[in-house]
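Protein sequences, first through last, are from chains A and B.
The first sequence stops at residue 248 when you use our numbering, and every number in between is there.
The second sequence stops at residue 306 when you use our numbering, and every number in between is there.
Please keep in mind that the hints were generated in silico from the structure rather than gathered at the bench.
Hints may be right or wrong, so weigh each one.
Not the full set, but computed from the structure, chain B residues with beta-carbon under 8 Å of chain A [as the list claims (entries may be wrong)]:
1) Gly72
2) Arg74
3) Ser182
4) Phe183
5) Ala186
6) Ser187
7) Thr193
8) Gln196
Quantities reported herein were computed from a predicted structural model and do not represent experimental measurements.
Ideal Cβ placement from N, Cα and C applies to all residues, glycine included.
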Amino acid sequence: MNCIEVDGLSLWYGDFQALRNVSVRIRERQITALIGPSGCGKSTLLRTFNRISQRDASVRVEGSIRILGEEIFSPEVSLIALRRAVGMVFQRPNPLPISIFENVAFGLRIHEPDAAVEAAVEEALTAVGLWEDLRFRLHSPATELALEQQQRLCIARLLPLKPEIILLDEPCSALDAKATLAIEELLGRLAAEYSIVIVTHSMAQARRVSAECFFMLLGEVVEHGPTEQLFTNPRDARTGDYIAGRFG
Amino acid sequence: MKPALAPSPTTPRFRETPAIARRHRQEVIARRLLGTTLILSLVPLFAILIYLVWQAAPVLSWGFLVESPRDGMRSGGLWPALLGTLYLVGASLAAATPVGVLAAVYLNEYARPGRFSRLVSLAVINLAGVPSIVHALFGLGAFVAFAGFGRSILAASLTLAVMSLPVIIASTTEALKSVPQSFREASWNLGATRWQTTRHIVLPNALPGIFTGIILMVSRTAGETAPVLFTGAVFYKSIAGGDLFAYSLLDQCMALSVHLFTVSTQVPNVSDALPYAIAVVLVATVLGVNALSIALRVYLRSRKNW
Numbered sequence: 001m002n003c004i005e006v007d008g009l010s011l012w013y014g015d016f017q018a019l020r021n022v023s024v025r026i027r028e029r030q031i032t033a034l035i036g037p038s039g040c041g042k043s044t045l046l047r048t049f050n051r052i053s054q055r056d057a058s059v060r061v062e063g064s065i066r067i068l069g070e071e072i073f074s075p076e077v078s079l080i081a082l083r084r085a086v087g088m089v090f091q092r093p094n095p096l097p098i099s100i101f102e103n104v105a106f107g108l109r110i111h112e113p114d115a116a117v118e119a120a121v122e123e124a125l126t127a128v129g130l131w132e133d134l135r136f137r138l139h140s141p142a143t144e145l146a147l148e149q150q151q152r153l154c155i156a157r158l159l160p161l162k163p164e165i166i167l168l169d170e171p172c173s174a175l176d177a178k179a180t181l182a183i184e185e186l187l188g189r190l191a192a193e194y195s196i197v198i199v200t201h202s203m204a205q206a207r208r209v210s211a212e213c214f215f216m217l218l219g220e221v222v223e224h225g226p227t228e229q230l231f232t233n234p235r236d237a238r239t240g241d242y243i244a245g246r247f248g
Numbered sequence: 001m002k003p004a005l006a007p008s009p010t011t012p013r014f015r016e017t018p019a020i021a022r023r024h025r026q027e028v029i030a031r032r033l034l035g036t037t038l039i040l041s042l043v044p045l046f047a048i049l050i051y052l053v054w055q056a057a058p059v060l061s062w063g064f065l066v067e068s069p070r071d072g073m074r075s076g077g078l079w080p081a082l083l084g085t086l087y088l089v090g091a092s093l094a095a096a097t098p099v100g101v102l103a104a105v106y107l108n109e110y111a112r113p114g115r116f117s118r119l120v121s122l123a124v125i126n127l128a129g130v131p132s133i134v135h136a137l138f139g140l141g142a143f144v145a146f147a148g149f150g151r152s153i154l155a156a157s158l159t160l161a162v163m164s165l166p167v168i169i170a171s172t173t174e175a176l177k178s179v180p181q182s183f184r185e186a187s188w189n190l191g192a193t194r195w196q197t198t199r200h201i202v203l204p205n206a207l208p209g210i211f212t213g214i215i216l217m218v219s220r221t222a223g224e225t226a227p228v229l230f231t232g233a234v235f236y237k238s239i240a241g242g243d244l245f246a247y248s249l250l251d252q253c254m255a256l257s258v259h260l261f262t263v264s265t266q267v268p269n270v271s272d273a274l275p276y277a278i279a280v281v282l283v284a285t286v287l288g289v290n291a292l293s294i295a296l297r298v299y300l301r302s303r304k305n306w
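Working from the sequences, and respecting the hints, build out all of it.
And the structure:
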């Protein structure tokens, strides 16, 4: 099953075209990586999936994105409901300046003011492997955590909303090698339950974590395939040059 | 025998040359010049304070604060003026704060960045530069005459409110801008509406800055003379000394700034110390409010998590 289907998507920032007629199919319950050199449009593409990119008045979009079969550019779509189902994790961990507990509870509280949050918070923190470490200091500020813990927390706070898709925009670029491996291991476990799309600068990381891989260049998708095949036997010469480190 | 790794120094290289010496001299001059200007700007500040208190000393007392003026304002206290200023500042804040803060929230959190919001920001900045005497005239026309409030505390404080609005909007905007964009993104991405984001994330974190801006505005408002002179302040008003509720909103009132002006220039045979004493009370009120602002800021900062 595909969880995201993109057809003929073009996107402009003012006069600059950042995406050119992009069509992709992203499968559910596995990790899909978007790779490519800086400025290739991979983050831009990721940010269209929950329409966070459209806050800027200068952004113009053409084409179609269906998430779980539903067209997200249709005027009837509620961004609130869409973002509840499609959560995002950013490059720099950005915990809210409130307690650890409140960070995880925040999403539930804003959508369902009467929801019971305690159990959901425990479940989410357990899922990301933070519960044992933090259960006795849930009410200290989230911003005091180590970077890796902050990034785990940023993933954890999506979970109480039961999202379908988790988008990650270079989630490890602020972390050291050990923390990166730990987060990758976490993503691997989460992929059993969630569809995960990760943008990464690191080809090694894409190769370690993803089942399928998209290579983008200058706003276009150049090649797409199972990760192992794309890395060992690229069909397009540009893909080969990029993964061989000849540019980018 | 092995050759030496480096030639032994025949002439020392790490010595001050004439060119380096010149740069040292420039450095000394710069340091002294900059230090002197700092002292020059501090001297008047302390000189004013010390001179004021010294001149005012014969008159200053608790009674001076809480009594009404006597003998055609030549003796007694300044309670009606002190209370009038408190009323004017309080009422103008009550009017200007909600409007100014919420307007700034709209500008910063809701309005799409573009030509319109840039134009509004520019207008706000320029409004802050309109001389207070012009606001005074506007208040006289709009509130005293057109709205029919007459010369009153209400008309005067609304005039002061109009005057403070741009400053409050500008300082609130600064405070909102200081909240990192990543907090907003995190909140939006969880499906929070803009209002939820503003209320739960942005406003709590902008609060110290917003308070500071408002309270600094108080100290400016307290000293304004022209607007209140045009729209509601009187030469003399008899109220009971120490009575906190002596004025109603539609009364005229005395104000410290106007009182200082009239006692200094309009009343013959006033003791030399009296105007200085009024000035000391005015300055002390303003400094007191500023100290409150600093204390509040320190307190709220200490609770901040980023």
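Comparing the hints with the structure gives:
1. Gly72: violated, 59 Å
2. Arg74: violated, 58 Å
3. Ser182: Check passed: Cβ of B/Ser182 comes within 4 Å of chain A, closer than 8 Å.
4. Phe183: holds, 6 Å
5. Ala186: The hint holds - B/Ala186 has a Cβ within 8 Å of chain A, the shortest such distance being about 5 Å.
6. Ser187: Cβ of B/Ser187 sits 7 Å from chain A, so the hint holds.
7. Thr193: holds, 6 Å
8. Gln196: At about 5 Å, which falls below the 8 Å cut-off, the nearest Cβ of chain A leaves the hint on B/Gln196 intact, so it holds.
Checked against the numbered hints listed earlier, the structure breaks hints 1 and 2; every other hint is satisfied.
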